[in-house]
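This is what each chain is made of:
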Amino acid sequence: MTLSFFDQFSLTAFMGIPLIALALTLPWILYPTPQNRCLNNRLLTLQAWFIRQLTHQLFLPINPGGHKWALLLASVLIFLITLNLLGILPYTFTPTTQLSMNMGLAVPLWLATVLIGARHQPTHSLAHLLPVGTPTPLIPILIMIETISQFIRPIALGVRLTANLTAGHLLIQLISTAAFYLAFTMPTVSILTMGLLLLLSILELAVAIIQAYVFVLLVSLYLQESV
Amino acid sequence: KSHISQVPLSDKKLMDVKLGELSSWAGTRDFTPNGIISAVRRGHDRFFNKYINVKKGGIGGIAMLLTGYVILSYVWEYDHIKHDRWRKYH
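Protein chains in written order, with this note's numbering: chain W, 1437 to 1663; chain U, 13 to 102.
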């Protein structure tokens, strides 16, 4: 029984089509496009308001030079939030638990920020390797440390997302299994189901994970693009 | 007793087709990729305009979509999930 806990993350195929295809296309279906009217329906207005608020908050600290990235980053944000929230529904598959997909999202975006900074302001982006006011003997070591931290960023981005979601799903499965099998000895089950509910609400932090993702990405972008 | 008012089979909607005629009705439907895509498009438009594109849409439209998604995922993963049943030895 211990082996079967990781089965929820393996891809299942039905008539040759893996479930991940359905899980990946659902965010596209879920958000209707606004029509060319003055007042759209209630759901569309809500959706547009949310996206606008999120993007506005996300791009507050960034100079106008970085606003070209608004469309891309807002899309990534909405995509990841939808994928994570849909994964909380029963029996659904969360594509972001696969490390391959998260690394595929993290590495190109990080690399783009590094290359843009190196191309437009090479001295300025190199200057970020040394914080202001370090004592002189410490400089060589600090530059090496900062370079390593720079290269660890994409790995950290991808693994952070994967690990958080996988751990959350696993915990939910474990705790619900425990609560279920303990249902035959009454007193413990109430405590356990309460713990499970609390955990589910903490898993709504999946949304916060996305905030963390794009925010960290944005921090690196903001540091490197126009000052 | 006039049979002139009989509608040709291919024009009937699905709810009006009698059970005996079901197979011949399915024979008149368009199963080319274009036909399938247009059928999906029509179904989508009907659902969208009835439940989502209304002035004061509620949670019902999205809830139906998500419930359908959950059920579809269950069906998709049935071969995997059936191992989780009550067993004496796992």
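These are calculated hints, taken from the structure and not from any lab test.
Keep in mind that this is a model prediction, so the values were computed, not measured.
Don't take every hint at face value.
[As the list claims (entries may be wrong)] Now the in silico label distances, taken between C-beta atoms and shown as ranges:
#1 Pro1500/W - Asp57/U: 37 to 43 Å
#2 Gly39/U - Leu1635/W: 50 to 56 Å
#3 Ser1637/W - Ser36/U: 23 to 29 Å
Yeah, the Cβ is synthetic: ideal placement off N, Cα and C, and Gly gets one too.
So, going through the hints one by one against the coordinates:
no., hint, in the structure
1, Pro1500/W - Asp57/U: 37 to 43 Å, "holds (40 Å)"
2, Gly39/U - Leu1635/W: 50 to 56 Å, "holds (53 Å)"
3, Ser1637/W - Ser36/U: 23 to 29 Å, "violated (55 Å)"
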